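Here the protein sequences come in this chain order: A and B.
For the first sequence, my numbering begins at 1 and goes up steadily by one.
For the second sequence, my numbering begins at 1 and goes up steadily by one.
It is possible that part of the hints are untrue.
As the list claims (entries may be wrong) - Lysine-lysine pairs mimicking DSS-like chemistry, simulated, CA-CA at most 30 Å apart:
no., chain 1, residue 1, chain 2, residue 2
1, A, K57, A, K83
2, A, K70, A, K9
3, B, K69, B, K101
4, A, K14, B, K69
5, A, K57, A, K9
6, A, K14, A, K57
7, B, K69, B, K58
8, A, K83, B, K101
9, A, K71, A, K9
10, B, K49, A, K57
11, A, K71, B, K101
12, A, K57, A, K71
13, B, K101, B, K58
14, B, K69, B, K49
15, B, K101, B, K49
16, A, K71, B, K49
17, A, K83, A, K9
18, A, K57, A, K70
19, B, K101, A, K57
20, A, K70, B, K58
21, A, K14, A, K83
22, B, K69, A, K9
Don't read these hints as lab results, they were simulated from the structure.
Because the structure is a prediction, the values reported are computed rather than measured.
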Amino acid sequence: DGGITQSPKYLFRKEGQNVTLSCEQNLNHDAMYWYRQDPGQGLRLIYYSQIVNDFQKGDIAEGYSVSREKKESFPLTVTSAQKNPTAFYLCASSIAGVNTEAFFGQGTRLTVV
Amino acid sequence: AQSVTQLDSQVPVFEEAPVELRCNYSSSVSVYLFWYVQYPNQGLQLLLKYLSGSTLVKGINGFEAEFNKSQTSFHLRKPSVHISDTAEYFCAVSGVGGYNKLIFGAGTRLAVHP
Numbered sequence: 001d002g003g004i005t006q007s008p009k010y011l012f013r014k015e016g017q018n019v020t021l022s023c024e025q026n027l028n029h030d031a032m033y034w035y036r037q038d039p040g041q042g043l044r045l046i047y048y049s050q051i052v053n054d055f056q057k058g059d060i061a062e063g064y065s066v067s068r069e070k071k072e073s074f075p076l077t078v079t080s081a082q083k084n085p086t087a088f089y090l091c092a093s094s095i096a097g098v099n100t101e102a103f104f105g106q107g108t109r110l111t112v113v
Numbered sequence: 001a002q003s004v005t006q007l008d009s010q011v012p013v014f015e016e017a018p019v020e021l022r023c024n025y026s027s028s029v030s031v032y033l034f035w036y037v038q039y040p041n042q043g044l045q046l047l048l049k050y051l052s053g054s055t056l057v058k059g060i061n062g063f064e065a066e067f068n069k070s071q072t073s074f075h076l077r078k079p080s081v082h083i084s085d086t087a088e089y090f091c092a093v094s095g096v097g098g099y100n101k102l103i104f105g106a107g108t109r110l111a112v113h114p
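Can you build the whole structure from these sequences, using the hints too?
What follows is the structure, encoded as structure tokens:
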């Protein structure tokens with residue numbers, strides 16, 4: 001089945017450690033996105049990538065980094081510089097264009113203790 | 001700046017009653033509008049979208065929405081809800097900054113009671 005796979009579903013890390021969230025898609029989509037979800041705040045865009053080897057900062061990129069070495073993969077690293085990393089992280093992908101549907105993964109819940 | 005406002009954070013309703021979830025947006029350019037649904041601890045699923053044409057858009061699970069340009073609104077409606085409709089609903093706009101950069105509202109939690 002085609003779709004987006006995020007792993008792991010739950011992740012626990014100690015404060016000060018970097019952690020990488022995986023996102024893989026087999027939909028052959030050009031564009032991929034990372035969103036952060038906090039209660040009562042909706043989804044906020046962290047980074048997005050339109051093509052391989054290119055990505056742009058979203059609204060809350062500080063403390064995060066990404067790479068796009070392959071079309072199907074868009075991993076997100078939450079660094080120790082992120083002040084409040086505990087959240088639900090959603091990855092999405094879409095075909096090119098501004099009026100196309102974004103498909104979402106099941107999310108990763110990160111808890112930093 | 002473009003934004004999306006969902007006017008109700010929570011909407012309680014009894015089963016088989018009608019429901020309307022309100023969404024307003026602000027933008028100086030033409031936008032595309034979307035409604036997504038999120039079940040607990042899951043990703044988002046597209047309910048419906050408005051791109052152009054008829055202002056009344058029908059989606060999955062019996063939902064529909066009406067685009068009102070003069071009021072900059074895109075309210076979601078369902079004539080008769082089921083327990084299984086209990087979820088969080090997000091309104092979103094794109095066409096902002098190009099390339100499907102979706103801007104989301106804060107969400108409305110729909111709670112359907114028996």
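### Task
Would you list, in rising numerical order, the hints stated earlier that this structure does not obey?
4, 20, 22
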